[in-house]
Structure formats: structure tokens, C-alpha cells
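Working from the sequences, and respecting the hints, build out all of it.
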Amino acid sequence: MAAHVLAFLNFKGGVGKTTNTVNIAAILALHKQMAGRRVLVLDMDPQSNSTLWLINREGYAKAWESDRTIHRLFQTFEKGGTPDLAPLIQTAVLENLATGGRLDLVPGSFQMLELEERPALGHHIKQADSVLATALRKLRADYDCILIDCPPAWSLFTRNALRAADFILVPYTPDYLALEGIKWINQLLREYTRSAAPGRVAKLAGVIVNRYQPYQPVEAALLEMRDVLDTYSQLQNLDVQIFEPMIRNSTAVTDANNVQKALITERPHDPVTKDFIALTQNLLTFLDRFPKPDA
Amino acid sequence: MSTAAAPKKTPKPAALAGVKTLPAQLRALADQIERLGPLLNAETLKTEWKHLTTATDRISKLEAADLLAPLEDYLACRHGWLDAWAKAAESITAFCKQTLGAKSKAHAIQPGEDNLGHQLRLLGLCLNAAGREAVLNACTTAQNATKAPAPPPSKHINDTEARGALHQWGGMLEDEFLALAKTTDPTLLKRGAALLGFKTVGKTAAALKKLHRAAVQFHRNTRV
Chain A
1 MAAHVLAFLN FKGGVGKTTN TVNIAAILAL HKQMAGRRVL VLDMDPQSNS
51 TLWLINREGY AKAWESDRTI HRLFQTFEKG GTPDLAPLIQ TAVLENLATG
101 GRLDLVPGSF QMLELEERPA LGHHIKQADS VLATALRKLR ADYDCILIDC
151 PPAWSLFTRN ALRAADFILV PYTPDYLALE GIKWINQLLR EYTRSAAPGR
201 VAKLAGVIVN RYQPYQPVEA ALLEMRDVLD TYSQLQNLDV QIFEPMIRNS
251 TAVTDANNVQ KALITERPHD PVTKDFIALT QNLLTFLDRF PKPDA
Chain B
1 MSTAAAPKKT PKPAALAGVK TLPAQLRALA DQIERLGPLL NAETLKTEWK
51 HLTTATDRIS KLEAADLLAP LEDYLACRHG WLDAWAKAAE SITAFCKQTL
101 GAKSKAHAIQ PGEDNLGHQL RLLGLCLNAA GREAVLNACT TAQNATKAPA
151 PPPSKHINDT EARGALHQWG GMLEDEFLAL AKTTDPTLLK RGAALLGFKT
201 VGKTAAALKK LHRAAVQFHR NTRV
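Taken in order, these protein sequences are the chains called A and B. Numbered according to the numbering used here, the first sequence spans residues 1 to 295. Numbered according to the numbering used here, the second sequence spans residues 1 to 224.
What the hints contain is simulated information worked out from the structure, not anything from laboratory work. Please note that the accuracy of each hint is not assured.
Computed list of chain B residues with no C-beta within reach of chain A, every gap over 12 Å [to be verified]:
{"#": "1", "residue": "LEU36"}
{"#": "2", "residue": "ALA108"}
{"#": "3", "residue": "LEU166"}
{"#": "4", "residue": "THR222"}
To give an idea of the interface, some chain A residues facing chain B are shown, with a C-beta separation under 7 Å as derived from the structure [to be verified]:
{"#": "5", "residue": "ARG118"}
{"#": "6", "residue": "TYR176"}
{"#": "7", "residue": "LEU177"}
{"#": "8", "residue": "THR193"}
{"#": "9", "residue": "GLU219"}
{"#": "10", "residue": "ALA220"}
{"#": "11", "residue": "LEU223"}
{"#": "12", "residue": "GLU224"}
{"#": "13", "residue": "ASP227"}
Here the structure is a predicted model, which is why all the values come from computation and not from measurement. C-beta: ideal position from N, C-alpha, C; glycine also.
Structure (C-alpha cells):
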């Protein structure tokens with residue numbers, strides 16, 4: 001069985017891309033009910049926030065010094081070599097010995113910022129967009145789930161994530177600008193799907209609502225988003241979901257972030273952690289509708 | 001039981017499917033064999049002895065709490081109980097404390113007892129104290145608490161008629177909307193307002209203007 005690959009993408013910053021990636025990945029790997037899943041997190045954001053959250057600054061420095069970050073993957077491609085993810089993987093960043101669940105990480109690096117300017121990786125080189133997809137194909141059989149934390153921009157790394165992923169999940173905070181971010185994603189996705197090989201680009205699966213509070217403007221923003229998503233659902237042959245439950249606004253998320261721990265380990269009984277657990281279960285139910293692609 | 005009259009309180013054979021009455025049957029059988037032993041021929045004695053050893057063997061594999069309920073019921077209860085311990089240990093611990101008393105020594109793991117043994121011993125005690133229904137309810141409640149901790153989803157979001165009306169109102173000028181509102185079904189106005197997160201909407205001009213402003217914003221923001 002091969003892994004489902006999910007990309008967390010929104011062009012607006014601060015909507016919870018990294019928070020969702022890290023916490024969902026940790027729940028998949030560590031929670032008792034998840035039957036010991038093997039999870040790989042790919043940090044495609046040059047800001048490397050997932051990396052810093054999962055292995056903190058010391059781990060990040062080691063990865064950078066030993067050149068074991070996603071940067072090397074693209075550098076290898078640039079030099080004409082065969083990109084390989086396996087040597088970059090940091091295994092068992094989080095682990096549940098009882099269930100066998102494990103979270104592996106391919107760290108990001110700020111060096112990725114300069115890669116976009118290299119001629120061999122420019123947007124006109126179409127092969128550069130498939131580097132990750134090609135490298136990931138060999139690893140799909142080794143994992144149950146692969147999560148990609150995308151940068152908040154349309155870049156080489158975003159395009160690579162779109163080519164490698166099966167589905168896009170859009171972290172969203174209920175406000176107008178975040179809604180505009182979703183509109184941009186859909187527009188760019190349609191244009192890119194048309195220009196790249198159709199069927200090889202991830203589909204928009206749905207929206208994860210973060211920092212939910214039951215106030216009138218929030219309810220109005222959610223209604224606007226539902227209305228927009230209904231239009232998109234008609235355009236692609238897949239209902240674009242608002243994944244439930246919505247993740248409530250909670251200081252526990254910041255607390256866990258501050259100590260570089262996942263909520264499942266830092267605040268296992270907090271209501272917001274339970275939101276994340278239920279959300280992860282619903283995501284798995286959604287994914288069950290789609291057979292895993294061949295490795 | 002071939003040669004003697006059954007003791008007065010021997011249960012019906014159908015009850016053998018469960019284990020609630022098994023100890024009584026076992027005692028009756030053993031008594032019978034002892035009393036009639038000298039009168040029975042070797043073959044009958046052998047058959048009765050086989051019955052007794054089979055029953056003893058069966059009962060020796062059960063836990064104390066098995067004796068309170070039919071086996072199938074108990075096993076279903078046991079499965080739910082262990083599952084609830086795995087998924088929502090806090091809820092089940094709270095139920096045990098509520099049932100057995102917070103200060104009971106039963107909550108502590110006994111010497112030589114593993115986790116499974118501890119949980120099953122508590123199951124037996126809770127079954128005795130609260131009964132099977134209460135235990136099953138506690139298991140279900142614990143599971144539900146894990147499955148559905150979420151805040152309530154946005155209300156009425158699938159009300160497409162009200163959503164369509166919001167688009168219509170949002171495309172109107174304020175005066176046009178106020179004129180239309182006079183002839184519009186009040187429940188539709190309420191449903192539209194509820195979709196936008198308003199708890200109540202009156203028929204006053206101020207309330208209607210507020211609703212109109214929100215509808216205009218909705219109509220504008222949802223353009224794709």
C-alpha cells in the first residue's frame with residue numbers, strides 16, 4: 001500500500017499551515033487510535049517552521065550543517081543528478097513504541113530561498129516542478145501518510161508540492177483575506193493544471209477552519225467560504241469539504257508551539273487537541289474514499 | 001442425567017448457553033455424582049464425570065465478572081470497556097471513582113497485576129456495583145466524548161433557499177430591499193439572518209438595514 005500525499009497550502013500567512021501539518025502528523029503517528037501509522041512530513045517552506053517545531057533549533061542546525069535538507073534535493077537536480085529523498089530523512093522524530101507509529105521528517109532550509117533564482121530551476125523549466133514527485137514515488141510504499149507544509153507563495157516549492165500531492169488541504173482562518181487566498185489558490189490551480197499535465201496535479205480536497213469562535217462575523221465569513229467552495233465543487237469532480245470539526249481558538253496551540261511540542265504530547269487532554277484528533281479521523285475517513293495510488 | 005431426579009433448583013438446559021447459572025448447575029451435578037456414584041454403572045459415571053470436567057474447565061477460563069451475565073453479553077461489555085480504557089481512560093477512571101467511591105482501594109493496581117488485569121478487575125467491581133447497563137452507558141459516553149469534542153458546526157449552512165435569498169438581497173439597493181422585506185416571508189428573513197450569524201432579526205428599519213449591509217457584503221465577497 002502506498003501513502004496518500006497531502007499538501008497544506010494557503011497563500012495567506014498565519015492561517016495555520018504549519019500548525020495543521022505538525023499536529024495532524026503527530027496525531028497520525030502517536031495517537032493510540034491511529035494504529036501506528038508511519039508519517040513523513042516534508043517541510044517545503046524556506047522559513048522551515050515545521051522543522052523548527054519538530055526538531056527545534058539544534059536539530060535544524062545539524063541538518064543544515066550536514067546538508068540533509070530539502071535544499072539538497074533540488075541542488076542534486078540542478079547538477080544533473082538523480083534526486084533522492086531517502087538520505088535526507090530524519091527518522092523517528094516522534095515515535096509511539098507501543099503502536100509502532102512513527103513520524104519522519106525531511107527538514108526545510110532557508111537556503112531554499114536562493115534556489116528559485118537559479119536558471120536550471122526557473123519556472124520555465126517544467127521538469128523542475130516534478131523533482132519532488134519523482135523522488136517521492138520511491139518512498140510512497142514506506143509510509144501511510146505524507147504531509148507537505150507549503151510556503152505561503154506561488155513558488156518552485158509550491159508547484160513541486162502540487163505535482164507530488166494527491167490532495168490540497170487549505171488551512172483557513174474565517175476572514176475575508178483568507179477567503180481571497182482560497183480564490184487565488186483555485187485560480188492558479190486551474191491554470192497550472194491546464195498548462196501542466198492534467199491529472200498530475202493535486203485536487204482541492206477542502207478547507208480546515210482554524211481559530212474558530214462562534215461570533216457573527218465568523219459565521220458570515222464561513223458562509224461566504226461555503227458559497228465559494230460550492231462553486232468550486234461544480235468545477236472539479238469532487239466536493240470541496242469544510243472538514244469538521246473546526247479547530248477552536250485556543251492558547252494551547254501557542255503554548256505547544258512555544259515549547260516545540262505537538263499538542264498530542266504537550267496538551268493531550270485539551271479540547272483543541274480533541275478537535276485535532278476528531279479532524280484527523282475525519283480526514284482519514286475522507287481519504288478512505290480514494291484508493292491509494294500504486295507506489 | 002439419566003438415573004436420578006433433578007435437584008429442585010436445577011436450571012433449564014437452555015440457560016447453559018449463558019453462564020449466569022453455571023455455578024449452581026455445577027454444584028448440582030457434582031452433588032448428584034457423589035450421591036449416585038455407587039449406583040451408577042461405569043459408563044454413566046464416565047459420561048457424568050466428563051460433563052463435570054468440561055464445565056469446570058469452562059468456568060476456570062472465565063473471570064469473576066463473567067458469572068453475573070450471559071457470556072456473550074459479558075464479552076461485548078468487556079470489549080467496550082477495554083476499548084473505552086484505551087481511548088478515553090480519564091472518563092472511565094472517573095466512572096470507576098463515581099461507582100466505587102473515590103477513596104476505594106480498588107482503584108490502585110494490585111501487586112502482580114498488569115494493566116489488563118487491573119481494568120478487568122475494575123470491570124467486575126463496576127458490574128457488581130452499577131450493573132451492566134450503567135457500565136455500557138459509561139463506555140459509550142467515553143467513546144462519544146473522544147469522537148465528538150468539536151464545537152458545534154455553523155448552523156443552517158446548507159439552507160440553499162436562504163442563501164439564494166441573501167444573494168438576491170445583496171444585489172439590491174437598500175431602498176429596494178426595504179420595500180421587498182415588507183412582503184417577504186418573515187421566516188425567510190430570519191433564516192437568512194441566521195446564516196450570517198445574527199441571532200435575531202426584527203422588522204425594524206435599523207435591523208433590516210443591518211441585514212442588508214451584511215447581505216451586500218456576502219454577495220460581494222463570494223464573487224468568484
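For this session: List in ascending order the numbers of the hints, as given earlier, that are violated by the structure.
Result: 3, 4, 5, 7 and 8
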